[in-house]
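So you can see what is in the structure, the chains are spelled out below.
There are 2 protein chains.
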Amino acid sequence: MKKITILDIAKELNITFSTVARALNDHPAISAATKKAVRETADRLGYRPNKVASSLRSGKTKIIGVLVPRLDVSFFSSVVHGIEGVMNENGYTILLYQSQESVKQENKGIDTFLRSRVDGIIASISLETEGPGGYEEVKERNIPLAFFDRVPQGLDVPSVTIDDYRGGFMATEHLIKAGYRRIVHINGYRNVHIFNERLRGYLDALTQHGLPIDEDLIVKGDFSLEFGRKCVRDLLAKGTAFDAVFTLEDFTAMGVVQELKAVGKHVPKEVGVVGFANEAFTSLVSPAVSTLDQRTVEMGEEVAQLFLRLLKKGNYYSHKPEKIVLIPKLLVRESSSR
Amino acid sequence: MKKITILDIAKELNITFSTVARALNDHPAISAATKKAVRETADRLGYRPNKVASSLRSGKTKIIGVLVPRLDVSFFSSVVHGIEGVMNENGYTILLYQSQESVKQENKGIDTFLRSRVDGIIASISLETEGPGGYEEVKERNIPLAFFDRVPQGLDVPSVTIDDYRGGFMATEHLIKAGYRRIVHINGYRNVHIFNERLRGYLDALTQHGLPIDEDLIVKGDFSLEFGRKCVRDLLAKGTAFDAVFTLEDFTAMGVVQELKAVGKHVPKEVGVVGFANEAFTSLVSPAVSTLDQRTVEMGEEVAQLFLRLLKKGNYYSHKPEKIVLIPKLLVRESSSR
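Residue numbers (full-length UniProt numbering), protein chains in the order written: chain A, 1 to 338; chain B, 1 to 338.
No lab work stands behind these hints: they were computed from the structure. Being a predicted model, the structure only gives us computed values, none of them experimental. Incorrect hints may have been included.
The list cannot tell twin chains apart, which means a pair is met if one copy fits it or any two copies do.
[Unchecked claim] Each computed SDA-like pair below joins lysine to any residue, with the alpha-carbon atoms no more than 20 Å apart:
1) K230 to A241
2) K108 to N88
3) K60 to D111
4) K265 to P287
5) K261 to S283
6) K261 to E334
7) K230 to S283
8) K312 to N142
9) K108 to G91
10) K104 to N88
11) K62 to Q100
12) K60 to R115
13) K62 to R115
14) K265 to S286
This is chain A alone, in the form it adopts within the complex:
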């Protein structure tokens, strides 16, 4: 069988050799539509590039941009640690960018990575981001893209996530099995997929164990240590009876524990507390706070491996995107052990 060359693709599409070559090398001067046509024709004719020559021509930077909301919480810095380990072993360098949970800042980060000619982007979206946002352009330029934990809606892309529904279910079921009955759930006020999933897990666990759903026990707000303290103060002021609190994340849980201690309520004897994320401090404080471990380093390694498989495939957006879901691990500590 005759070896298919770039010239064959050029003849088939009635465009120049140079346009095909640049389209295959993802040159910015070539339109997305032409690139798509070239890739599809290359696939159809069975074109196989000369790997070495192509890598010399392509001017790959071997830099991967990692875009995260923030690095001052254990969750993200720990996932990044996992990503870096695998990527460095494979000869890639990681540049990091923080969106600070702002969609404007996030789009600036995407733009900066594109200008720095990264070979690809691994990201977790900001809390403000709705829809595909600036990632649409990354896809249009055929630059490989993978997400972890927080994935944009309306963009079919590869991702590694945690089963947040299962996490919410596990936390709540654990509290029920430990004998707690009036379980408060503190969630975020924003309409964020992973938040909604944790809430859904909480609700289903209650229902499956025959416990009523009480709207008074579901609190929404901006999560933080201070917000955790405020929730406890508000619940006590309103006279709402409760014997456990499951929070969206650990800082809020820490605030709940601090406020309960401050008003003389014993944790875990009178009130059980479970957080989410396994922040470093949760095992150091006393009582140590029960939480859900999101298998962060593993998540980073998984998304890096997934990304490397994607890079090997080429034609990044013509395959069905790979989606990996990890099951979180319940860590039962003092705050919910009675």
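Using the hints, position chain B against chain A.
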């Protein structure tokens, strides 16, 4: 007085207009020697560039690379927060890179930033870095450079640091004034400037307060929570009498507190403990751990401001470098209050 132009510099040096223009715009094709000659001649003749045109020509990326050892400790992520705040306000974008305390990884980061055409680099060196390392090349290319906290030896560059000697002195003096007499100091085994300064502060505080220096009380190792626990076990096993511990950083202090609690020694009644860095967990644990606050966000803001002043000046390496030293803040908490 006649306005000095690029042509005047070119005539003076007997080189082409284009070479001078490219030298002034820091073009990579021009040698460091030529750039130096051009800059010096420009200064001598009193050449003042047309700012707007020069910015259009220079193709500045408005990207600043920030190179830090690691982002999973509060100290660095908090300084970076300060840097980002100031730089974003001034229209710059920050890309981050972690050296993971490895000099090899650090040099790769410098190279990556240079290839990404950053406008400048703000850095804190790895524990392994001795001498100017890869930063020499940044200087040779006349790319602006500023350091915070950990500054390379043998490279005269602008920096913002903490007075580590004062920090060591303050921690030790506080313990002495609280009535502790046999004060252990846990330091790092590496020959790192900031470590040596904290030790020097400890020694001087003892001497100035008329206390003897006991080599048995000075422990060196690789700091970590586990190492803190080990130190206490070793001291107790050897029967070394001590009533206080001042550690190089907070995780070690946390290990010391945990091990003392485990063997039934009361903190602070029997043993006082002071850490260094004000990691987030130190205020959340009980007893809350006394520590030195390194004014991290302020340090980040200071180094960013210093960097902006440097960018305005141009000719980054022809001025005496600005060096700012901040005084740390002693935070007395439960672990040393008796």
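Hints, verified against the model:
{"no.": "1", "hint": "K230 to A241", "result": "within (16 Å within a copy, 45 Å between copies)"}
{"no.": "2", "hint": "K108 to N88", "result": "between (25 Å within a copy, 10 Å between copies)"}
{"no.": "3", "hint": "K60 to D111", "result": "both (18 Å within a copy, 15 Å between copies)"}
{"no.": "4", "hint": "K265 to P287", "result": "both (13 Å within a copy, 19 Å between copies)"}
{"no.": "5", "hint": "K261 to S283", "result": "both (17 Å within a copy, 15 Å between copies)"}
{"no.": "6", "hint": "K261 to E334", "result": "both (14 Å within a copy, 17 Å between copies)"}
{"no.": "7", "hint": "K230 to S283", "result": "between (23 Å within a copy, 19 Å between copies)"}
{"no.": "8", "hint": "K312 to N142", "result": "within (14 Å within a copy, 38 Å between copies)"}
{"no.": "9", "hint": "K108 to G91", "result": "between (26 Å within a copy, 11 Å between copies)"}
{"no.": "10", "hint": "K104 to N88", "result": "between (30 Å within a copy, 12 Å between copies)"}
{"no.": "11", "hint": "K62 to Q100", "result": "between (26 Å within a copy, 19 Å between copies)"}
{"no.": "12", "hint": "K60 to R115", "result": "both (13 Å within a copy, 12 Å between copies)"}
{"no.": "13", "hint": "K62 to R115", "result": "both (14 Å within a copy, 11 Å between copies)"}
{"no.": "14", "hint": "K265 to S286", "result": "both (14 Å within a copy, 17 Å between copies)"}
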